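Colleague: As given, the protein sequences belong to chains A and B, one line each in that order. Quick note: the first sequence, position 220, residue 220 per my numbering, numbers continuous. Quick note: the second sequence, position 392, residue 392 per my numbering, numbers continuous.
In case anyone wonders, no lab produced these hints; they're calculated from the structure. None of these values were measured; they are calculated from a predicted model. Just so it is clear, CB atoms sit at the ideal spot from N, CA and C, and this is done for glycine as well. Keep in mind that the hints are not guaranteed to be accurate.
[Said to hold, decoys possible] Listed next, with one range per pair, are the computed distances between beta-carbon atoms:
1) M127(A) x M267(B): 52 to 62 Å
2) K40(A) x P393(B): 35 to 45 Å
3) Q42(A) x E138(B): 42 to 52 Å
4) A345(B) x D338(A): 52 to 62 Å
5) E138(B) x A59(A): 24 to 34 Å
[Unchecked claim] Computed, partial: chain B to chain A, Cβ under 8 Å:
6) A206
7) E242
8) N245
9) N403
10) F405
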Amino acid sequence: MLGIIRQKLGAGSSSATMLGQLQRIRPAASALRSFSSSAKEQMTVRDALNSALDEEMSADPKVFLMGEEVGEYQGAYKITKGLLDKYGPERVLDTPITEAGFTGIGVGAAYYGLKPVVEFMTFNFSMQAIDHIINSAAKSNYMSAGQINVPIVFRGPNGAAAGVGAQHSQCYAAWFAAVPGLKVLAPYSSEDARGLLKAAIRDPDPVVFLENELLYGESFPVSAEVFDSSFCLPIGKAKIEREGKDITITAFSKMVGYALQAAEILAKEGINAEVINLRSIRPLDRATINTSVRKTNRLITVEEGFPQHGVGAEICASVVEESFGYLDAPVERVAGADVPMPYAANLERLAVPQIEDIVRAAKRACYRSVPLAASA
Amino acid sequence: MSFSAATTQPLRLNTTAGAAARSNDKVPSSLLMSKTPSFLGSTRKLRPGCVAAKPNAQRRSAVVSVSEAVKEKKASASTNLLITREEGLELYEDMVLGRAFEDMCAQMYYRGKMFGFVHLYNGQEAVSTGFIKLTKQEDTVVSTYRDHVHSLSKGVPAREVMSELFGKATGCCRGQGGSMHMFSKAHNLIGGFAFIGEGIPVATGAAFSSKYRREVLKQADCDHVTLAFFGDGTANNGQFFECLNMAALWKLPIVFVVENNLWAIGMSHLRATSDPEIWKKGPAFGMPGVHVDGMDVLKVREVAKEAIGRARRGEGPTLVECETYRFRGHSLADPDELRDPAEKAHYAARDPITALKKYIFEHNLASEQELKAIDKKIDEVLEDAVEFADESPLPPRSQLLENVFADPKGFGIGPDGRYRCEDPKFTQGTAKV
Numbered sequence: 001m002l003g004i005i006r007q008k009l010g011a012g013s014s015s016a017t018m019l020g021q022l023q024r025i026r027p028a029a030s031a032l033r034s035f036s037s038s039a040k041e042q043m044t045v046r047d048a049l050n051s052a053l054d055e056e057m058s059a060d061p062k063v064f065l066m067g068e069e070v071g072e073y074q075g076a077y078k079i080t081k082g083l084l085d086k087y088g089p090e091r092v093l094d095t096p097i098t099e100a101g102f103t104g105i106g107v108g109a110a111y112y113g114l115k116p117v118v119e120f121m122t123f124n125f126s127m128q129a130i131d132h133i134i135n136s137a138a139k140s141n142y143m144s145a146g147q148i149n150v151p152i153v154f155r156g157p158n159g160a161a162a163g164v165g166a167q168h169s170q171c172y173a174a175w176f177a178a179v180p181g182l183k184v185l186a187p188y189s190s191e192d193a194r195g196l197l198k199a200a201i202r203d204p205d206p207v208v209f210l211e212n213e214l215l216y217g218e219s220f221p222v223s224a225e226v227f228d229s230s231f232c233l234p235i236g237k238a239k240i241e242r243e244g245k246d247i248t249i250t251a252f253s254k255m256v257g258y259a260l261q262a263a264e265i266l267a268k269e270g271i272n273a274e275v276i277n278l279r280s281i282r283p284l285d286r287a288t289i290n291t292s293v294r295k296t297n298r299l300i301t302v303e304e305g306f307p308q309h310g311v312g313a314e315i316c317a318s319v320v321e322e323s324f325g326y327l328d329a330p331v332e333r334v335a336g337a338d339v340p341m342p343y344a345a346n347l348e349r350l351a352v353p354q355i356e357d358i359v360r361a362a363k364r365a366c367y368r369s370v371p372l373a374a375s376a
Numbered sequence: 001m002s003f004s005a006a007t008t009q010p011l012r013l014n015t016t017a018g019a020a021a022r023s024n025d026k027v028p029s030s031l032l033m034s035k036t037p038s039f040l041g042s043t044r045k046l047r048p049g050c051v052a053a054k055p056n057a058q059r060r061s062a063v064v065s066v067s068e069a070v071k072e073k074k075a076s077a078s079t080n081l082l083i084t085r086e087e088g089l090e091l092y093e094d095m096v097l098g099r100a101f102e103d104m105c106a107q108m109y110y111r112g113k114m115f116g117f118v119h120l121y122n123g124q125e126a127v128s129t130g131f132i133k134l135t136k137q138e139d140t141v142v143s144t145y146r147d148h149v150h151s152l153s154k155g156v157p158a159r160e161v162m163s164e165l166f167g168k169a170t171g172c173c174r175g176q177g178g179s180m181h182m183f184s185k186a187h188n189l190i191g192g193f194a195f196i197g198e199g200i201p202v203a204t205g206a207a208f209s210s211k212y213r214r215e216v217l218k219q220a221d222c223d224h225v226t227l228a229f230f231g232d233g234t235a236n237n238g239q240f241f242e243c244l245n246m247a248a249l250w251k252l253p254i255v256f257v258v259e260n261n262l263w264a265i266g267m268s269h270l271r272a273t274s275d276p277e278i279w280k281k282g283p284a285f286g287m288p289g290v291h292v293d294g295m296d297v298l299k300v301r302e303v304a305k306e307a308i309g310r311a312r313r314g315e316g317p318t319l320v321e322c323e324t325y326r327f328r329g330h331s332l333a334d335p336d337e338l339r340d341p342a343e344k345a346h347y348a349a350r351d352p353i354t355a356l357k358k359y360i361f362e363h364n365l366a367s368e369q370e371l372k373a374i375d376k377k378i379d380e381v382l383e384d385a386v387e388f389a390d391e392s393p394l395p396p397r398s399q400l401l402e403n404v405f406a407d408p409k410g411f412g413i414g415p416d417g418r419y420r421c422e423d424p425k426f427t428q429g430t431a432k433v
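Isolated chain A (complex conformation) (with noise of 0.2 Å):
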């Protein structure tokens, strides 16, 4: 490993100087490592978020990072480890437990200029602060006529967790990608994660980035593309994960790997499913997804938030605008149940949508339903 750093490095920097770079590009080591050998590396989603944040930091001293635990505790799931060390105190802000305080301190420096990017513990506690993301963040640039944009990120984990029970345990994307003013970016893989966190940081408008806790610690593999310090992904971009003609599911987030297992089962049955992973819930990439169904003429959205009012609501109306002529059978949702989430695991399980909720929803659509007692 110390072999490839230097060689990035290049020649010319005396030892001295080396050790000091050496040091300052720790926490994006383990990126550096996989360049090593073959292209498709592996990541880890929290590789991803975590060398994203310290290249831009170290790009842009605007950018810095606040929130509960970001700093000494090297970040509640640990996206910040490394951080505090490598920038300081007076950029990596460990903050008291105020969202809405903190939050509006955010609104307020990005007001000026700075690049904040602030840490929801979880996106559950953005709840006490959620008039700062709304009020004064996503309004400000309309109200203000222009004269103030709000270049900040509010990050942190989103959607259902595991064995937390209601409050800790919910899908925010549909309540923020209803609000002008904001842009709403939902990260999959490690290129997702990476890409997109890089381009919220430099956008010039709010941005909420629902990460996802059960992600974190998984792998994906990644191009050499995405290694490089310059690689960004399109806000408002869905990305095709899997080319199909049967059907278009549309999921992001961590349904998005749901989908792509769901298409694996139904490839083996004949139904070649086109996975598409949304990546930008707002602004929502409309043309991708209407360009998918007119060729499938069949449609599938997944989502772990509530049926109502939802993303996959918002993606049936607009495909039944543009492309209605086109549909072949009824648009089915596959979403979290439309109740708060339940302690019990097995209830648990029962709320959030299963990889076998979107073969079946996907067979039904394709009238190759199975019989009732067998989906009951």
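Dock chain B against chain A, hints included.
Modeller: Positioned in the frame of chain A, the structure of chain B alone reads:
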């Protein structure tokens, strides 16, 4: 109805706040540090140089009363005057502008020229003028829904504020903000926040950005101060306490200005607040708390000078409670039935503009004619503002969808200032950015 501010005033304003901070600095920090590990059984040591370490050394802070401060000033000053002639005229003009502007708003509201919620500032002018006229252009003002006069004091032209209220394209926010949401980046007026307490964290963030620019971005000359205005009702809101804590913890250059007009719509301050002396909450968080007569612009100004100076010198935040009164209802839609006529009369007799006039005459700073000339000038300014607003065009239909994002295409703006979406490589995720 008056507060017993005199009960707890061990320290005098002009000398104490700074001196207390300095003397506390001399408290051996090792003493505090050595005590810390045993605190509640914690073995954690404070990081040397950590931002949190220093404010702890300042736990005790000055509590001061303005009347003492003014007395002190009077005694020590070479003249007996609190202001020069020029300052007196500037203050007078600003207060008259604020008063006349709001009276004009009421007229225009009843004529249907403006709409929605319109909250007028009449009676409280001494606070806006006393504080904001001491700020520099670069200093920040964060206001509430009662923000017209703060905007005017900060220098936003009356034309632009009036036009905004008329919902016209020439308004300071092109008609997109409205009465409760005044912004002017050029004047560092960053809102107009319509929710109780919402402006306080944003103001604290603005103050944070001054400190960040000085300490992290190494802009050594950034000594900008933020003034956060809010009312007595807000002082019961959690965000107030959250930000007192963080502002003191991080020693931010901010002044929290409570405009205690004794009423939160129809809720009496005394009926809503366990301890009605709001200024006492400053020392509880490690910053000076000051109580001042908010109907006396000269007293407000003395306190403001000290508080703003403290912030500018990097000595941290101050909480100032200005006891004032609004001469009109909460908004123009408020029938104002709960306030006792005797109470209203009591404060009407203490009109801050009349008081300043009296001071000016008593000290021969200006003649009645000179003040009348100012009144006349303001009348003309307002006539012009109304005419301007009235004749200005409505925002065009095309404006509706503008300004939702700084970057409406959602792909970010590149270093060349162009939308990144225009680079085809960017949509493929392969652009070098």
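Colleague: Decide, hint by hint, whether the structure agrees.
Modeller: Hints and how they fare:
Between M127(A) and M267(B) the C-beta distance comes to about 26 Å, which lies outside the given range of 52 to 62 Å. The hinted window of 35 to 45 Å between K40(A) and P393(B) is violated, with their beta carbons roughly 59 Å apart. Roughly 50 Å separates the CB atoms of Q42(A) and E138(B), a value that falls within the hinted 42 to 52 Å. A C-beta distance of roughly 58 Å is found between A345(B) and D338(A), which places it inside the suggested range of 52 to 62 Å.
At roughly 27 Å, the beta carbons of E138(B) and A59(A) sit within the given window of 24 to 34 Å. For A206(B), the interface hint holds, the least distance from its beta-carbon to any beta-carbon of chain A being 4 Å, beneath 8 Å. Hint status for E242(B) relative to chain A: holds, with the closest Cβ pair at about 3 Å, below 8 Å. With a cut of 8 Å, the hint placing N245(B) at the interface with chain A holds, because the nearest CB-to-CB distance is about 6 Å.
Using the Cβ-Cβ criterion of 8 Å, the hint placing N403(B) at the interface with chain A is satisfied: the shortest such distance is roughly 4 Å. The closest approach between the C-beta of F405(B) and any C-beta of chain A is roughly 5 Å, which is under the 8 Å cut-off, so the hint is satisfied.
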